[in-house]
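Colleague: Sequence:
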Amino acid sequence: MVSRYLAILLLALCSVLSAPAAETFRMANGDTMVGELLLASANDAGVQVKLGDGKYERVNWAQFSQDDLKKFSQNPKLQAFVEPFIEIPVEELIKKTEGVVKQPPRLERPAKQSLFGAMFSSGLGLFIVFLLWAGNVYAGYEVAVFRAQAPLLVCGLSAVVPLIGPIIFLCMPTRVKPAEETQEQYAPAGTVAAAEQAAAAAADDLNPMHADGAVHPSSLHLHSEPEADKDKVPETVVYQRGQYTFNRRFIETKFANFFGVVRHNEDRDKILVVKAARGTYTAERISRIASNDMHLQVRKGHATEEVMIPFQEIQEIRLQHRDAK
1 MVSRYLAILL LALCSVLSAP AAETFRMANG DTMVGELLLA SANDAGVQVK
51 LGDGKYERVN WAQFSQDDLK KFSQNPKLQA FVEPFIEIPV EELIKKTEGV
101 VKQPPRLERP AKQSLFGAMF SSGLGLFIVF LLWAGNVYAG YEVAVFRAQA
151 PLLVCGLSAV VPLIGPIIFL CMPTRVKPAE ETQEQYAPAG TVAAAEQAAA
201 AAADDLNPMH ADGAVHPSSL HLHSEPEADK DKVPETVVYQ RGQYTFNRRF
251 IETKFANFFG VVRHNEDRDK ILVVKAARGT YTAERISRIA SNDMHLQVRK
301 GHATEEVMIP FQEIQEIRLQ HRDAK
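Position one of the sequence shown corresponds to residue 1 (our numbering), numbered consecutively onward.
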């Protein structure tokens, strides 16, 4: 019997020792809560706390104090649920979000030197110097042509002494070539006189009035050219469909003088003969024009009449003189 009682007492003691002890939790509003935290019930919404026998209460994570939340984050089972509710100080947040600025690689600046030294120390500078030298030689050639100097001499000096060579020859006066000495300047006086007599004799031989049987007029007569035919009728200009497109632009371009009441110059005695599908019209003036037709002023007897002719019906237009047949 004694051993049985000892066994029961030992079992009760083990159950007491194995039972989790109640904890005290501080809430965010300053209150406290004593109970046992049930880890198996933890989720995103919160966790259940056993307050006593048969009494449970679900507490949201936001209701716990920051110290308790930090203590819960040390437990691997609660870390994922608690971390979103833990407030991070501004200093630590700045350190976490602060980016590291890395300077990009930059080319090193060349060492400072004179203009001519920089030009002769790079390929681009040498190319520019070559272009300037070639332009200087070409300038020397142009100066040689302008001042009538030897091009090889001026170009050679310009190549050896750039800029100064062309300026020297440009300041010099233009070299004028001496006139070619004729044979007459050095011929004896008698020879010159004989040559003049021979030239006069040749001129007499070419004069038709010195020929035998030539008739010498007894009085002065004026030479007159035959008068031009003033009554000649100008040629008729014909514009046919197929060769030309009859539209408003064509009429305004070719017959611009026919839009005025009075015509001048060479078109004042000309008329338009329009051959259309409805007949042939002789017009002296174009009174109006539209995009698809034109209106002609046609003379009938002693009166005039306005006739409308569509462009698509025009077959031929003749620009002729009044007296043309």
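Wrong hints could be hidden among the right ones.
Straight-line distance between alpha carbons at most 25 Å, and here's what the computed SDA-like set of lysine to any residue pairs gives [claimed, not checked]: (1) Lys55 / Glu23; (2) Lys71 / Pro84; (3) Lys102 / Lys70; (4) Lys50 / Asp67; (5) Lys71 / Leu38; (6) Lys55 / Thr32; (7) Lys112 / Lys95; (8) Lys50 / Glu23; (9) Lys300 / Asp323; (10) Lys71 / Lys112; (11) Lys77 / Thr24; (12) Lys112 / Val82; (13) Lys70 / Asn43; (14) Lys112 / Val129; (15) Lys254 / Leu170; (16) Lys95 / Val82; (17) Lys254 / Val160; (18) Lys77 / Lys112; (19) Lys77 / Asp67; (20) Lys270 / Glu306; (21) Lys96 / Lys112; (22) Lys50 / Lys95; (23) Lys232 / Phe255; (24) Lys270 / Val237; (25) Lys102 / Lys71; (26) Lys55 / Val34; (27) Lys70 / Tyr56; (28) Lys270 / Arg322; (29) Lys300 / Pro310.
Label-pair distances were calculated between CB atoms; the ranges are [to be verified]: (30) Val101 / Ser41: 23 to 29 Å; (31) Ala118 / Arg175: 39 to 45 Å; (32) Lys95 / Gly54: 15 to 21 Å; (33) Gly54 / Glu98: 50 to 56 Å; (34) Gly125 / Gly156: 34 to 40 Å; (35) Ala148 / Asn265: 26 to 32 Å; (36) Ser41 / Lys96: 28 to 34 Å; (37) Leu39 / Pro105: 43 to 49 Å; (38) Ala256 / Ala148: 51 to 57 Å; (39) Val237 / Ala134: 57 to 63 Å; (40) Ala256 / Gly279: 34 to 40 Å.
No lab work stands behind these hints: they were computed from the structure.
C-beta: ideal position from N, C-alpha, C; glycine also.
Colleague: Hint by hint, say whether it matches the structure.
Modeller: Cross-check of the supplied hints:
Simply put, Lys55 and Glu23 have alpha-carbon atoms about 15 Å apart, close enough for the 25 Å limit, and the pair holds. The straight-line distance between the Cα atoms of Lys71 and Pro84 is roughly 14 Å, inside the 25 Å bound, and the hint therefore holds. Between the alpha carbons of Lys102 and Lys70 the distance comes to roughly 35 Å, so the proposed pair goes past 25 Å and is violated. Restraint check: the Cα-Cα separation between Lys50 and Asp67 comes to about 20 Å, which is no more than 25 Å; the hinted pair holds.
Between Lys71 and Leu38 the alpha-carbon distance is near 15 Å, which keeps this suggested pair within the 25 Å criterion. For the suggested pair Lys55 and Thr32, the alpha carbons sit about 17 Å apart, so the restraint of at most 25 Å is met. For the hint linking Lys112 to Lys95, the alpha-carbon distance of about 42 Å lies beyond 25 Å, and the restraint is violated. About 10 Å separates the Cα atoms of Lys50 and Glu23, which keeps this hinted pair within 25 Å; it holds.
With a C-alpha separation of about 18 Å, the suggested pair Lys300 and Asp323 falls inside the 25 Å cut-off, and the hint holds. About 64 Å separates the Cα atoms of Lys71 and Lys112, which puts this hinted pair outside 25 Å; it is violated. Among the hinted pairs, Lys77 with Thr24 is consistent with the structure: their alpha-carbon atoms are about 20 Å apart, no more than 25 Å. For the hint linking Lys112 to Val82, the alpha-carbon distance of about 62 Å lies beyond 25 Å, and the restraint is violated.
Distance check on the hinted pair: Lys70 and Asn43 sit about 17 Å apart at the alpha-carbon level, within 25 Å; holds. Between Lys112 and Val129 the alpha-carbon distance is near 20 Å, which keeps this suggested pair within the 25 Å criterion. About 57 Å separates the Cα atoms of Lys254 and Leu170, which puts this hinted pair outside 25 Å; it is violated. In summary, the hint linking Lys95 to Val82 is supported, as the alpha carbons are separated by about 21 Å, within the 25 Å threshold.
Distance check on the hinted pair: Lys254 and Val160 sit about 66 Å apart at the alpha-carbon level, beyond 25 Å; violated. Using a Cα cut-off of 25 Å, the hinted pair Lys77 and Lys112 is violated, with the two alpha carbons roughly 67 Å apart. This hinted pair checks out: Lys77 and Asp67 have alpha carbons roughly 17 Å apart, not beyond 25 Å. A C-alpha spacing of about 18 Å is found between Lys270 and Glu306, which places the hinted pair at or below 25 Å, so the restraint holds.
Proposed proximity of Lys96 and Lys112 is contradicted: the alpha carbons are some 44 Å apart, above 25 Å. Between Lys50 and Lys95, the direct Cα distance comes to roughly 40 Å. Violation of the 25 Å bound is thereby established for this hinted pair. Taking the CA atoms of Lys232 and Phe255, the gap is about 22 Å. The hint holds against a cut of 25 Å. A C-alpha spacing of about 11 Å is found between Lys270 and Val237, which places the hinted pair at or below 25 Å, so the restraint holds.
Straight-line distance between C-alpha atoms of Lys102 and Lys71 comes to about 38 Å, which puts the hinted pair past the 25 Å bound. The hinted pair formed by Lys55 and Val34 meets the criterion: a straight-line CA distance of about 12 Å does not exceed 25 Å. The straight-line distance between the Cα atoms of Lys70 and Tyr56 is roughly 23 Å, inside the 25 Å bound, and the hint therefore holds. At most 25 Å may separate the alpha-carbon atoms for a hinted pair to count; Lys270 and Arg322 meet this at roughly 6 Å.
With a C-alpha separation of about 21 Å, the suggested pair Lys300 and Pro310 falls inside the 25 Å cut-off, and the hint holds. Distance hint for Val101 and Ser41: a CB-CB separation of about 47 Å, inconsistent with the stated range 23 to 29 Å. The supplied range of 39 to 45 Å is met by Ala118 and Arg175, whose beta-carbon atoms lie about 41 Å from each other. Checked against the hint of 15 to 21 Å, the C-beta distance between Lys95 and Gly54 comes to roughly 48 Å, which is inconsistent with it.
Distance hint check: the CB atoms of Gly54 and Glu98 are about 52 Å apart, consistent with the given range 50 to 56 Å. Between Gly125 and Gly156 the CB atoms are about 25 Å apart, so this pair departs from the stated range of 34 to 40 Å. With their beta carbons about 52 Å apart, Ala148 and Asn265 fall outside the hinted range of 26 to 32 Å. The given range of 28 to 34 Å is respected by Ser41 and Lys96, whose C-beta atoms sit roughly 32 Å from each other.
Taking 43 to 49 Å as the suggested C-beta distance range, the pair Leu39 and Pro105 does not conform, at roughly 54 Å. As the Cβ distance of Ala256 to Ala148 is approximately 55 Å, the hint placing it in 51 to 57 Å holds. Separation of Val237 from Ala134 is about 59 Å and conforms to the stated range, judged on CB atoms against 57 to 63 Å. For Ala256 and Gly279, the Cβ-Cβ distance of about 25 Å falls outside the hinted range of 34 to 40 Å, so the restraint is violated.
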